[in-house]
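Q: These protein sequence lines are chains F and E, in that order. For the record, in the first sequence the residue sitting at position 163 is 163 according to our numbering, with numbers rising by one throughout. For the record, in the second sequence the residue sitting at position 73 is 73 according to our numbering, with numbers rising by one throughout.
None of these hints come from the bench; they were simulated from the model. Wrong hints could be hidden among the right ones.
Since copy identity is lost for identical chains, a pair holds within one copy or between any two.
What the hints assert, rightly or not - Here are the computed lysine to aspartate or glutamate pairs in the DMTMM-like style, where the Cα-Cα straight-line distance is at most 25 angstroms:
#, residue 1, residue 2
1, K3, D282
2, K3, E189
3, K216, E29
4, K314, E120
5, K82, E120
6, K25, E159
7, K20, E159
8, K216, E2
9, K314, E29
10, K40, D282
11, K82, E156
12, K25, E222
13, K158, E253
14, K158, D298
15, K20, D274
Number of protein chains: 2
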Amino acid sequence: MEKIRIAQFGLGPIGIETLKLAAEKPWAEVVGGVDIDPAKAGRTLAEITGIPSLSGARVYSKWQDLFSAAKPQVVFHTSVSKLAAACEQITPIAQDGVSVVSSCEELLYPQLRDAALAAELNQVCQRHGARVLGTGVNPGFVMDVLPVCLTGVCREVKELHIQRVVNATTRRGPLQRKIGSGLPPAEFERLFQEGKAGHAGLKDSAALIAHCLGWKLTGLFETCKAVVADCDIHTPHVVVKKGQTCGLHQRAEGLINGQVVLTMDLKMYLGAPDPHDACQIDGQPSLHLRLEGGIAGDVATVASLVNAVPRVLKAPPGLLLMTDIAVPSIS
Amino acid sequence: MEKIRIAQFGLGPIGIETLKLAAEKPWAEVVGGVDIDPAKAGRTLAEITGIPSLSGARVYSKWQDLFSAAKPQVVFHTSVSKLAAACEQITPIAQDGVSVVSSCEELLYPQLRDAALAAELNQVCQRHGARVLGTGVNPGFVMDVLPVCLTGVCREVKELHIQRVVNATTRRGPLQRKIGSGLPPAEFERLFQEGKAGHAGLKDSAALIAHCLGWKLTGLFETCKAVVADCDIHTPHVVVKKGQTCGLHQRAEGLINGQVVLTMDLKMYLGAPDPHDACQIDGQPSLHLRLEGGIAGDVATVASLVNAVPRVLKAPPGLLLMTDIAVPSIS
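Start from the sequences, fold in the hints, and give me the full structure.
A: Shown next as structure tokens:
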């Protein structure tokens with residue numbers, strides 16, 4: 001079996017973990033990386049990941065240099081959350097006929113944010129034989145793909161309600177900061193409104209669900225409130241005083257003709273009790289799914305990216321949705 | 001949008017319900033049926049289903065007559081559980097370039113029962129541009145596709161354990177009889193050994209999971225015990241005396257090198273308490289899924305068959321697995 005040549009675009013914590021998992025797969029060969037950080041460019045992936053067998057794989061500051069030197073077939077893209085920025089980075093890769101599996105939240109269902117840009121990227125992919133997919137655990141699985149999958153045994157879906165509760169104490173520092181830990185509540189909520197804090201991808205998950213269910217939403221709204229600490233909290237990454245933000249309660253609602261048919265409720269804060277994922281379908285049959293303890297974020301995100309590769313390469317070229325390609329499975 | 005021309009092979013209770021649901025779909029046009037029962041052949045589907053708009057769709061006693069008259073593009077096949085019988089019925093349909101969505105339990109992962117026969121049917125499909133898929137709720141979703149889907153966010157799966165508890169009191173007569181209701185326990189267990197009673201498809205589900213996870217099972221064993229009534233039970237369909245069979249406890253185990261890594265545990269009996277579906281993955285991350293109340297069998301089976309059609313037609317020709325085609329969703 002010919003191994004799939006893999007490279008990494010963006011060598012932050014998630015990028016490095018993705019590469020490490022890919023390096024364990026018998027079907028993958030890690031051939032290089034791209035990062036604009038001058039402290040990383042020029043080094044080998046063995047130095048950056050600690051995996052000795054990656055001593056021949058180098059980090060470049062530009063895609064074109066990586067492509068010329070290492071000719072990857074698939075690139076993991078884990079550098080940005082916004083669609084426009086992602087498309088700018090991904091388009092040159094797709095133009096070289098190389099496929100991309102991205103953690104960019106707005107790539108989950110890019111038609112929501114910018115349908116013209118999505119159509120353009122799709123054309124680039126089809127013209128050059130590349131596939132591009134946005135995935136992860138959330139968005140990418142637990143609040144979208146998994147509920148959609150459940151509807152496959154329904155003859156009718158009237159309403160769909162999804163909850164996720166994450167105890168952020170168990171998560172890494174960047175996530176604890178992204179949910180506002182330590183900020184005055186008003187400041188966190190202002191940053192959320194500016195798109196600079198909070199969970200990215202909730203509306204994108206809702207839009208993917210609506211697309212799969214054939215629902216024409218007449219409204220899609222999102223709110224986010226700070227969860228306020230009722231005592232001082234210390235984690236290895238942040239210090240939160242009583243009265244400061246210790247996380248968020250974010251919610252998206254989808255409406256059809258004034259009626260709420262889709263709710264996505266996300267609580268992610270330090271010390272959140274009873275972490276879990278849940279989904280209720282009101283339909284025929286009605287279904288009640290619960291994942292006790294929930295799906296741990298970072299491990300699952302990295303696994304989602306790596307596991308998607310074989311399925312992505314089997315799909316026809318284009319800008320793909322998770323629900324277009326084969327059923328998820330470990331690869 | 002051109003409607004998909006649908007026909008039905010086998011007009012038993014599940015076949016009729018499948019047709020009725022298909023008739024509600026804006027993308028489907030029901031054009032006819034096949035049944036060997038002389039009481040059905042020659043009649044219209046309007047008479048058989050009670051749906052007046054199907055007055056132009058007729059029932060034929062032979063596939064060739066239906067095909068000549070109605071030219072369906074997709075056939076629902078709901079007449080048999082055994083692979084050999086299914087292939088005999090499906091092969092002529094595929095040879096006419098018509099795709100088949102079947103409830104035949106052994107078609108879920110036909111490579112388990114007869115790899116040569118599966119390869120032959122696959123060749124027929126590819127030669128004539130037809131797709132064939134085996135699906136349903138169980139097998140086809142709750143004890144196989146759904147657990148596989150969960151592994152998509154795992155970097156490691158050490159063990160997988162699946163449970164299903166069905167309160168058979170709420171189910172239709174044929175199912176109550178299939179699980180042995182009213183039989184002496186020894187007679188039910190003998191019929192199970194002969195393949196004439198019990199739940200069909202448990203080993204097939206296990207084999208599909210192993211295939212998707214890349215597990216080479218060194219053993220796959222199935223047991224089935226009668227559940228014995230501890231009081232008299234009357235349902236609208238059966239009468240069970242104390243001491244007689246009121247259902248089953250069926251179990252499949254998959255082993256790798258002497259270690260049980262996969263268990264499928266199915267309890268289906270009259271009055272079974274706490275009906276649910278559950279799945280535990282022991283891995284990274286470990287996951288604990290539970291569907292409170294479980295997934296109701298018949299409604300969900302019919303929905304699975306109908307919902308699969310658009311996804312099947314988008315796949316390349318061949319003998320397909322549920323895990324080869326796109327993520328399930330309501331259609």
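Q: If a hint holds in the structure, say so; if it doesn't, say that too.
A: Checked hints:
Taking the shortest Cα distances, K3 and D282 never come within 25 angstroms of each other, neither inside one copy (45 angstroms) nor across copies (28 angstroms). When the C-alpha separation of K3 and E189 is checked against a cutoff of 25 angstroms, the pair qualifies neither within a copy, at 47 angstroms, nor between copies, at 49 angstroms. Only between protomers do K216 and E29 lie at most 25 angstroms apart by alpha-carbon distance; the minimum there is 23 angstroms, versus 43 angstroms within a single protomer. Proximity of K314 and E120 under a CA criterion of 25 angstroms is satisfied in both settings, with 22 angstroms inside one chain copy and 23 angstroms between copies.
Taking the shortest Cα distances, K82 and E120 sit within 25 angstroms of each other inside one copy (16 angstroms), while across copies they are farther apart (48 angstroms). Taking the shortest alpha-carbon separations for K25 and E159, only the inter-copy value of 19 angstroms comes in at or below 25 angstroms, while the best intra-copy value is 40 angstroms. Within a single copy, K20 and E159 get their C-alpha atoms only as close as 40 angstroms, which misses the 25 angstroms cut-off; across copies the closest is 23 angstroms, which meets it. Taking the closest pair of Cα atoms, K216 and E2 come within 25 angstroms of each other only across two copies (21 angstroms); inside a single copy the shortest separation is 44 angstroms, beyond that limit.
In the homo-oligomer, the alpha carbons of K314 and E29 lie at most 25 angstroms apart inside one protomer (18 angstroms), although the nearest pairing across protomers, at 31 angstroms, exceeds that limit. Taking CA atoms no more than 25 angstroms apart as the test, K40 paired with D282 passes in neither setting, with 50 angstroms inside one copy and 36 angstroms between copies. For the homomeric pair K82 and E156, neither the shortest alpha-carbon distance inside one copy (34 angstroms) nor that between copies (30 angstroms) is at most 25 angstroms. Taking the shortest Cα distances, K25 and E222 never come within 25 angstroms of each other, neither inside one copy (39 angstroms) nor across copies (32 angstroms).
With identical chains, the CA atoms of K158 and E253 are at most 25 angstroms apart within one copy only, with a shortest distance of 14 angstroms there and 38 angstroms across copies. In this homomeric assembly, K158 and D298 come within 25 angstroms of each other (Cα to Cα) only across copies, at 19 angstroms, whereas the closest approach inside a single copy is 33 angstroms. Taking the shortest Cα distances, K20 and D274 never come within 25 angstroms of each other, neither inside one copy (31 angstroms) nor across copies (43 angstroms).
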